[in-house]
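Residue numbers (the UniProt record's numbering), protein chains in the order written: chain A, 1 to 175; chain B, 1 to 175; chain C, 1 to 175; chain D, 1 to 175.
Hints are computed from structural coordinates only; laboratory data are not their basis. Watch out, some of these pointers could steer you wrong.
Said to hold, decoys possible - Here are the simulated lysine-lysine pairs, DSS-like style, with alpha carbons at most 30 Å apart:
1) Lys-105(C) <-> Lys-104(B)
2) Lys-105(D) <-> Lys-72(A)
3) Lys-105(A) <-> Lys-72(A)
4) Lys-105(B) <-> Lys-105(C)
5) Lys-105(B) <-> Lys-72(B)
6) Lys-105(C) <-> Lys-72(B)
7) Lys-72(A) <-> Lys-72(D)
8) Lys-72(C) <-> Lys-72(B)
9) Lys-72(D) <-> Lys-105(A)
10) Lys-104(B) <-> Lys-72(C)
11) Lys-72(C) <-> Lys-105(B)
12) Lys-72(D) <-> Lys-105(D)
13) Lys-72(B) <-> Lys-104(B)
14) Lys-105(D) <-> Lys-105(A)
15) Lys-105(C) <-> Lys-72(C)
Number of protein chains: 4
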Amino acid sequence: MITILAGTNRPHSRARRIADYYRNLLTELGDESQILDLAELPADFVATALYANAGTHPEFNRLAAMLDASAKVVIIVPEYNASFPGVLKAFIDGLTYPSGLQGKKAVLVGLSSGGQGGLLAMAHLTDVLMYLGTTVLPQRVRLPFINQDLNAEHGLNHDLSRQLLREQAVALLAS
Amino acid sequence: MITILAGTNRPHSRARRIADYYRNLLTELGDESQILDLAELPADFVATALYANAGTHPEFNRLAAMLDASAKVVIIVPEYNASFPGVLKAFIDGLTYPSGLQGKKAVLVGLSSGGQGGLLAMAHLTDVLMYLGTTVLPQRVRLPFINQDLNAEHGLNHDLSRQLLREQAVALLAS
Amino acid sequence: MITILAGTNRPHSRARRIADYYRNLLTELGDESQILDLAELPADFVATALYANAGTHPEFNRLAAMLDASAKVVIIVPEYNASFPGVLKAFIDGLTYPSGLQGKKAVLVGLSSGGQGGLLAMAHLTDVLMYLGTTVLPQRVRLPFINQDLNAEHGLNHDLSRQLLREQAVALLAS
Amino acid sequence: MITILAGTNRPHSRARRIADYYRNLLTELGDESQILDLAELPADFVATALYANAGTHPEFNRLAAMLDASAKVVIIVPEYNASFPGVLKAFIDGLTYPSGLQGKKAVLVGLSSGGQGGLLAMAHLTDVLMYLGTTVLPQRVRLPFINQDLNAEHGLNHDLSRQLLREQAVALLAS
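In isolation and in its complexed conformation, chain A is listed as follows:
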């Protein structure tokens, strides 16, 4: 069971649509997966599930527990202000120690409306994940100009991106 983390709490996000795409890809490759969409985070989790309250919020814990079920994680990282979303990091800040990410394998997918494709976001997140004891595979996939390449009619309409995601997924399954 692989967990695909849609790394923003923005409702109906492009990150979620890429997560759906990735889940289909993993199904095609013969693997089970589940989506952890940060849009399901409790509205007040930064006040009720972090620091002194870490581990005490049932709804937060339900989402955190999805990580425990998986040895492998795909993290879809939309680029907000040249880094990862604050909400993604706040979710990680709320995981109890040792983090549900420790000892796992992870791959990262960055997306952006501009040309950077989440590159710095993925670099920053790699530092965080390595600190937590997660092995981040080297196959980083950048999806720049996602507004153009992801649309309602054709889905992810960019051949190279589709190929890179498939190669990444194959590498994750083989790891």
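We have chain A; now place chains B, C and D onto it with these hints.
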């Protein structure tokens, strides 16, 4: 008027105490300052003040407006999981465009209970701030082992740290 | 007098051609500049001008001294293996302390044949420059797909890139 | 056969001494290893073994070939100006494509005379290695204040550092 941003919503944080220390330092150097403590963020701001709701939450806007009053900003960055706090980034993600940080001068202070002193946190935040058009002065101050060096009785009880903060403050005032 | 540093020792590099372009731009804006091309580094400088030999190699010193003549520096950074060129860093490693970069203002231009545009290279170099006491202005310019956009006949044949370089140069002159 | 890369060309470097220490550690753990010391690089390799000359310099190739013999690499990274040594990066820039680092497992050890312990150096190098297709294990070891902790009489005289290196080595062997 300089704004000192205490970069976590943890109540009664060490970051806030360093912010208080910095405010006294600026007063000694003859400059006015105010503290923007992220502990005052609305509990549900990640659901009510970001994305489609950016700019619509009066209490969030009150905090964001404190940045507008200042051409210079001091950001106190506690290290959470080898980077900046998710909540600090989520606050930045909620600023309307152009960000209240654009065109400003900033200095960064990192703190950690371990030995890194917020180094990666400050490096990551520098990438974010440069993207937003903030000039980050090169005087990064690391405060590692802050649990030992900051205590109720003696305040910031570390001579080199006090000296580095003063040099940084002088550089900010001169910039 | 502004120094434009072409950040590779590759002979006849694209970085040098961008440096030439930038020099013309600065001339148009009314400012004098000179080009420090790392192609002029002594072939054996990593053995004869670093560490115990720092400061002792006349030809290396001649290049290093060009930095001393300038309060402002433009660094053209080709992307090699997702970071700055090793030779650019080795040149910096050979500067005697305090570095000829201390206290200066700098702007960065990244170039790449791929789509990253030197983004990580500029982020890494910013960490180095801040450590050395250089103020790096926030206007980072990425020039991705430079093989397509820079050609013998038309020079830098990309309107947005030309505009971003001009805005950056204006910001540097105003700083 | 594991290759331990001493990441500077400084003669008789502390990085080399840590490499020697690491080799003994691997021997104790029952594994064979060899040391690739960048002090053996040809003096003029940046002019004769990079770019158009990549792959043509027999002495450079001999060192590069040591990587080919190993599926696992330990990289000892002294901190120079808050990043990796320029010479280490120039060595990597000279590897022919696909790099001798592609598909390998690597662990990083940072060292510094100051308190950072090579943290940014390792973060920057991780970006480079991931780009090259190397899997970097999350166990980064920082060796700050190495001037105090490494001495002629007692070797690496710091219990926690010795423990962290052993844990890292065990993780590398198990990977």
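Tested hints:
no.	hint	result
1	Lys-105(C) <-> Lys-104(B)	16 Å, holds
2	Lys-105(D) <-> Lys-72(A)	18 Å, holds
3	Lys-105(A) <-> Lys-72(A)	5 Å, holds
4	Lys-105(B) <-> Lys-105(C)	14 Å, holds
5	Lys-105(B) <-> Lys-72(B)	5 Å, holds
6	Lys-105(C) <-> Lys-72(B)	18 Å, holds
7	Lys-72(A) <-> Lys-72(D)	22 Å, holds
8	Lys-72(C) <-> Lys-72(B)	22 Å, holds
9	Lys-72(D) <-> Lys-105(A)	18 Å, holds
10	Lys-104(B) <-> Lys-72(C)	20 Å, holds
11	Lys-72(C) <-> Lys-105(B)	18 Å, holds
12	Lys-72(D) <-> Lys-105(D)	5 Å, holds
13	Lys-72(B) <-> Lys-104(B)	6 Å, holds
14	Lys-105(D) <-> Lys-105(A)	14 Å, holds
15	Lys-105(C) <-> Lys-72(C)	5 Å, holds
Figure legend: structure checked against the earlier numbered hints; every hint is met.
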